[in-house]
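A.B. asks: Spelled out from the first residue to the last, the chains are:
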Amino acid sequence: MDSSRNTIWSAMQSKGYNRRDFLQFCTMAAVIAGIEQSALGSVVEAFEKVERPPIVWLHFQECTCCSESFIRASHPIVADILLDAVSLNYTETLQAASGFQAEKCLQDTIKKYPGKYILMVEGAIPTADGGVYCMIGGRTAEQILQECAKDAGTIIAWGSCASNGCVQAAKPNPTGATPVHKLVSQPVINVPGCPPIADVMAAVVTHLLVHGRAPELDSLGRPREFYGRRVHDTCYRRPNYDAGLFVESFDDENARKGYCLYKMGCRGPITYNACSVVKWNEGTSYPIQSGHGCIGCSEEGFWDNGPFYQHLRSFPGFGIESTADTVGATLGLVTLAGAGVHAAVTNIRKQKLIAEIHAEDAESNHQKES
Amino acid sequence: MSATSLPNANSAPAGYQRVYVWELPVRIFHWINALCIVVLCATGYIVGAPMRMFYAAEAYQQYWFGTVRFLHFLAAFTFTFNLAFRFYWGFVGNEYCRWTRFIPLKRWQQKEIVEVLKADVLQTKLHGPISTGHNSLAATIYIGLFAACAVQIVTGFALYSSMSLGLLPRAFTHVVALFGSEFPIRFLHHLMMWFFLLFIIVHVYLSFYHDYIEGRGTVSSIIGGWKFEKRKHD
Chain U
-16 MDSSRNTIWS AMQSKGYNRR DFLQFCTMAA VIAGIEQSAL GSVVEAFEKV ERPPIVWLHF
44 QECTCCSESF IRASHPIVAD ILLDAVSLNY TETLQAASGF QAEKCLQDTI KKYPGKYILM
104 VEGAIPTADG GVYCMIGGRT AEQILQECAK DAGTIIAWGS CASNGCVQAA KPNPTGATPV
164 HKLVSQPVIN VPGCPPIADV MAAVVTHLLV HGRAPELDSL GRPREFYGRR VHDTCYRRPN
224 YDAGLFVESF DDENARKGYC LYKMGCRGPI TYNACSVVKW NEGTSYPIQS GHGCIGCSEE
284 GFWDNGPFYQ HLRSFPGFGI ESTADTVGAT LGLVTLAGAG VHAAVTNIRK QKLIAEIHAE
344 DAESNHQKES
Chain Z
3 MSATSLPNAN SAPAGYQRVY VWELPVRIFH WINALCIVVL CATGYIVGAP MRMFYAAEAY
63 QQYWFGTVRF LHFLAAFTFT FNLAFRFYWG FVGNEYCRWT RFIPLKRWQQ KEIVEVLKAD
123 VLQTKLHGPI STGHNSLAAT IYIGLFAACA VQIVTGFALY SSMSLGLLPR AFTHVVALFG
183 SEFPIRFLHH LMMWFFLLFI IVHVYLSFYH DYIEGRGTVS SIIGGWKFEK RKHD
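Chains U and Z, in that order, give the protein sequences.
The opening position of the first sequence corresponds to residue -16 in our numbering, with each subsequent residue numbered one higher.
The opening position of the second sequence corresponds to residue 3 in our numbering, with each subsequent residue numbered one higher.
There may be inaccurate statements among the hints.
To be verified - Pair by pair, the computed Cβ-Cβ distance ranges are:
#1 U/7 / Z/86: 36 to 42 angstroms
#2 U/202 / Z/116: 19 to 25 angstroms
#3 Z/204 / U/334: 22 to 28 angstroms
#4 Z/54 / U/320: 34 to 40 angstroms
#5 U/292 / Z/123: 40 to 46 angstroms
#6 Z/108 / U/169: 33 to 39 angstroms
#7 U/346 / Z/32: 35 to 41 angstroms
Stated by the list, open to error - Under the rule of at most 16 angstroms between Cα atoms (straight-line distance), these lysine to aspartate or glutamate pairs were calculated in the EDC-like manner:
#8 U/95 / U/125
#9 U/-2 / U/31
#10 Z/232 / U/346
#11 U/333 / Z/213
#12 U/133 / U/91
#13 U/99 / U/34
#14 U/333 / Z/122
#15 Z/232 / U/343
#16 U/335 / Z/231
#17 Z/127 / Z/117
#18 Z/127 / Z/216
#19 U/99 / U/75
#20 U/95 / U/34
#21 Z/127 / U/34
#22 U/99 / U/134
#23 U/154 / U/287
#24 U/240 / Z/213
#25 U/165 / U/125
#26 U/94 / U/31
#27 Z/127 / Z/60
#28 U/87 / U/130
#29 U/333 / Z/216
#30 Z/232 / U/344
#31 Z/127 / U/344
#32 U/99 / U/112
#33 Z/232 / Z/216
#34 U/262 / U/339
#35 U/94 / U/51
#36 Z/120 / Z/216
#37 U/95 / U/130
#38 U/262 / U/231
#39 Z/127 / U/91
Read the hints as simulated data drawn from the structure, not as lab findings.
None of the values given here were measured: they were computed from a predicted structure.
Glycine is no exception: its CB is placed at the ideal position from the N, C-alpha and C atoms.
Based on the sequences and whatever the hints tell you, model everything.
C.D. replies: What follows is the structure in structure tokens.
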């Protein structure tokens, strides 16, 4: 097993790559991690000297779309990262081992490399009813997570499930699905999205390999580099938003012209992701470019704030179609009507009130005089 | 002319004296606040539900939605600082605008709330004088209004924080982390707009109503500052 713990450079050598291949690899890694050319030397040095980190990739309540996304990253380097550069010691989806052998692999990694291995978690962790809704090898997801997280060097939460619960945590959340960062005490790198963009995942891993530490994170634990701006801010349809040109229905003239999808319920203005910059499928497109609004899949609670095709979420308790505007306008009319009735009643009683006031005033004047 | 012989005539009313209730800063605050709330509700509603437009002009030829949003942000900053000033004035202004007037901790304030509620809802006649400044019911409701303003300021700046490098909006960045995402913040911010619209209807109506039943210049007081109260007999 120790042969797999040497440096990236020696691992590549043993697989028959030459120095030129290695330097190309270093350059691409540097580009993905956003390192400028003058610092390339440090990347080369890191890959020559730093031992490649073992990885434990856990799968809990999820659909494996994060893994599917990851292996479709644009650059061939990603396959290299996953299969060559790092040492993927345990992952349910890709490992050859099964049963006791697989579990032994996990135990060995935890014991041999405490504080060094990278723990990647895909999926939410069910906590309701003692965690019975997701069990592997007779243990609950939470037990496995706690065991692996205790000595992990770095923890990455892949996708919305692990970062914020996603669909499992949607109301009423029957399994008590909980994101990783709420269960472990260490800092977690959240890479939300359903799934996250392959190139973003690759860049986060590359960043860890090159720098040996987590990228800069925002207040929700997401890498600022990719989640620092809204989809809206970098959207190519943004000028139409500022100009007030909106698609009114998916089959109208404005849709054909490619106007802003804001009124079609696009969540771009409240979704922090790199979709409109990095794009999907080797930079081919992203939802808005394909004519569909963003559904905000990398934001917490996006399932509970629907429908997807409505700007304003439905108002809880008043049916799917009713928004805060329907409820507010109704209340407004009721209030106006109330004031109208009140004014009418006041006017009917007016003579009596005026008489009363005058009598009172007269009485007090009389008292004063006497 | 004896008063008893002509009870309904325009006889001399009971002796009243002028009281300077709303100082100039309070009146200026009120009207800036009113203007801001109207602008914020109108522009905010348009931002949430922009009107339908079909015409030939292209995006580079216009910027109206951007302008509406700019007006919303401009009004929001004015609204916030104006409110901050009023908060301060509640400590240094005259007795009628002090914070102690707003919080109904005293027995007489609680009694007055019941009294005014009866006059407003059941249309009973007010017995005895009520406060010359805000009546206790109004003052208590204004506490709710201040809370609603605070909610709008916090949620508004939280939504604005990612678009700004300004020190004030950036201070609200962590509100988003508190809510988990901007979905609930946007929803709350939108919902609260309706509170303000309902408040405007009730506030304007009750000002007129009290102007009429109290007969001592409730409406004009927020322009000129004067109200009237009965002279005490001694």
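A.B. asks: For which of the previously enumerated hints does the structure constitute a violation, in increasing order of number?
C.D. replies: 1, 2, 4, 6, 8, 16, 19, 21, 24, 26, 27, 32, 34, 35, 38, 39
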